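S.K.: Chain by chain, the residues run as shown.
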Amino acid sequence: MSLVDLSNVVKRFGALTVLDEASLNVEQGEIVAIIGRSGSGKSTLLRCINGLEAIQAGRIVVDGTVVNEPGTDLRALRQRVGIVFQSFNLFPHLSVERNITLAPRVVKHVPNAQARELARVALRKVGLEDKIDAWPDQLSGGQQQRVAIARSLAMSPHLMLFDEITSALDPELVGEVLKVLEEMAREGMTMMLVTHEMGFARRVAHRVVFMHHGKVWEQGPAAQTLAKPNTPELETFLSAVLH
Amino acid sequence: MTYSFQFRDVFAAWEFLLDGLMLTLLLSAVTMVAGLGIGAAGAAAKVYGGPWVRRIVAGYVEAIRNTPLIVQLFLVFFGLPGIGIKFDAETAAMLTLSVNLGAYSTEILRAGLEAIPKSQLEAGRSLGLSGWQVFRYVVFFPALKVIYPALASQLVLLMLATSVVSQISAEDLFHAASIIQSRTFRDFEVYAVVAVAYLALALIFRALFALLHHLLFARR
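Chains V and P, in that order, give the protein sequences. Under this note's numbering, the letters of the first sequence match residues 1 to 243, in that order. Under this note's numbering, the letters of the second sequence match residues 1 to 220, in that order.
Treat the hints as calculated values from the structure; they're not laboratory data. Predicted model only: the values in this text are computed from it and were never measured. Even for Gly, the Cβ is constructed at its ideal location relative to N, Cα and C. One thing to keep in mind: the hints can contain errors.
[What the hints assert, rightly or not] Stretches of chain V that chain P covers, calculated by requiring three or more beta carbons in the stretch to come under 8 Å of a beta carbon on chain P: (1) 83-97; (2) 100-107.
[What the hints assert, rightly or not] For the chain P half of the interface with chain V, some residues (derived, Cβ under 7 Å), not all of them: (3) S119; (4) E122; (5) A123; (6) S126; (7) L127; (8) Q133; (9) F141.
From just these sequences and the hints, can you work out the full model?
M.R.: Below, the structure is given as structure tokens:
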């Protein structure tokens with residue numbers, strides 16, 4: 001069974017249909033890049049997967065849990081599905097350590113000393129172990145985003161969602177964040193990332209998913225799909241972003 | 001014409017002043033706790049409650065904020081007994097002041113809650129925190145920090161406003177002043193002493209709030 005299984009998902013904001021019968025499967029260990037114009041439903045699709053957005057029709061199954069059922073324990077699901085946002089969303093009143101250990105401590109009841117060790121391990125993975133006692137506003141954007149990734153990693157997720165995580169960064173800081181993702185890819189993490197970094201998608205993703213008008217319009221192996229799109233819409237999109 | 005200041009008569013009645021001061025402090029303390037409790041509930045209802053709850057709370061807030069405190073006090077102390085609800089002066093004072101502060105602090109605390117970006121709540125929820133945990137660990141502290149100066153000001157205002165309770169014969173600091181004035185006819189001296197006493201209290205309150213601010217928000 002797929003780790004993520006979306007079938008015919010419909011999401012509306014008022015009269016606006018953002019997801020229009022979108023269907024997508026993601027296998028364990030797979031890295032899927034989701035591309036498309038702004039407004040095509042990429043971010044919404046990602047946010048539906050951990051239940052941040054409720055859907056109007058269709059079915060979403062993640063890691064064996066049906067996300068869109070009334071009785072679903074979304075809290076339990078979210079412990080296994082990490083998400084990193086465009087704007088980092090670190091907690092400004094907590095140190096880096098506390099940002100990372102908050103959920104392990106209050107959700108999983110990990111004792112303090114052990115939680116600090118968790119934070120250390122997670123920070124080591126993103127190359128920021130020396131920043132454990134820093135505060136979010138003392139860090140660069142790239143560093144904050146890496147702490148946000150470490151915060152998710154500390155919950156040992158089965159799946160990581162990345163929502164345009166380099167879009168708010170200065171160009172020279174993008175590389176350090178993508179490097180962390182590449183490292184996670186090597187370790188076999190299942191990842192879905194909404195991105196505008198086509199070069200990165202081609203290099204790291206196994207599969208590229210192109211969204212258009214709220215549908216999964218075209219998908220296929222990354223390099224092949226980006227080099228030889230099947231639909232004129234993807235071709236138009238690629239020529240717009242690559243030139 | 002020369003006027004000879006005579007503070008001796010005023011200070012001779014220091015026990016009155018001290019008793020009055022104690023009631024002023026007690027009223028302030030009780031009202032702060034109760035009023036902030038009401039304010040917290042009101043703000044939570046206004047931000048997270050359903051439409052009817054929000055409307056009811058909004059009605060309460062506007063009713064209190066748009067009528068004079070002394071009228072509210074008279075309504076409770078002189079008005080309610082007319083329909084069979086009687087309080088002694090101190091209880092009526094505490095009740096009225098708490099309900100009054102509750103309305104003002106509802107608005108202040110609401111502003112704090114709304115100052116926290118939705119993305120912070122989402123980050124908390126995405127980590128598996130419950131609604132209460134998100135409030136407790138993600139929202140509460142930064143919200144308090146945003147509104148702390150406004151809240152501290154409101155609490156100092158409240159302490160000063162407790163002086164109206166002398167009008168229903170609650171024996172606070174200002175009531176003591178009136179008693180001493182009627183006995184000594186040293187109007188200037190007695191009101192000057194009381195003004196200085198309120199000033200000192202207000203400065204002490206502000207210093208305590210500043211200390212608390214440091215304890216709460218300084219980085220460790």
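S.K.: Which constraints among the numbered hints does this structure fail? Numbers only, ascending.
M.R.: none
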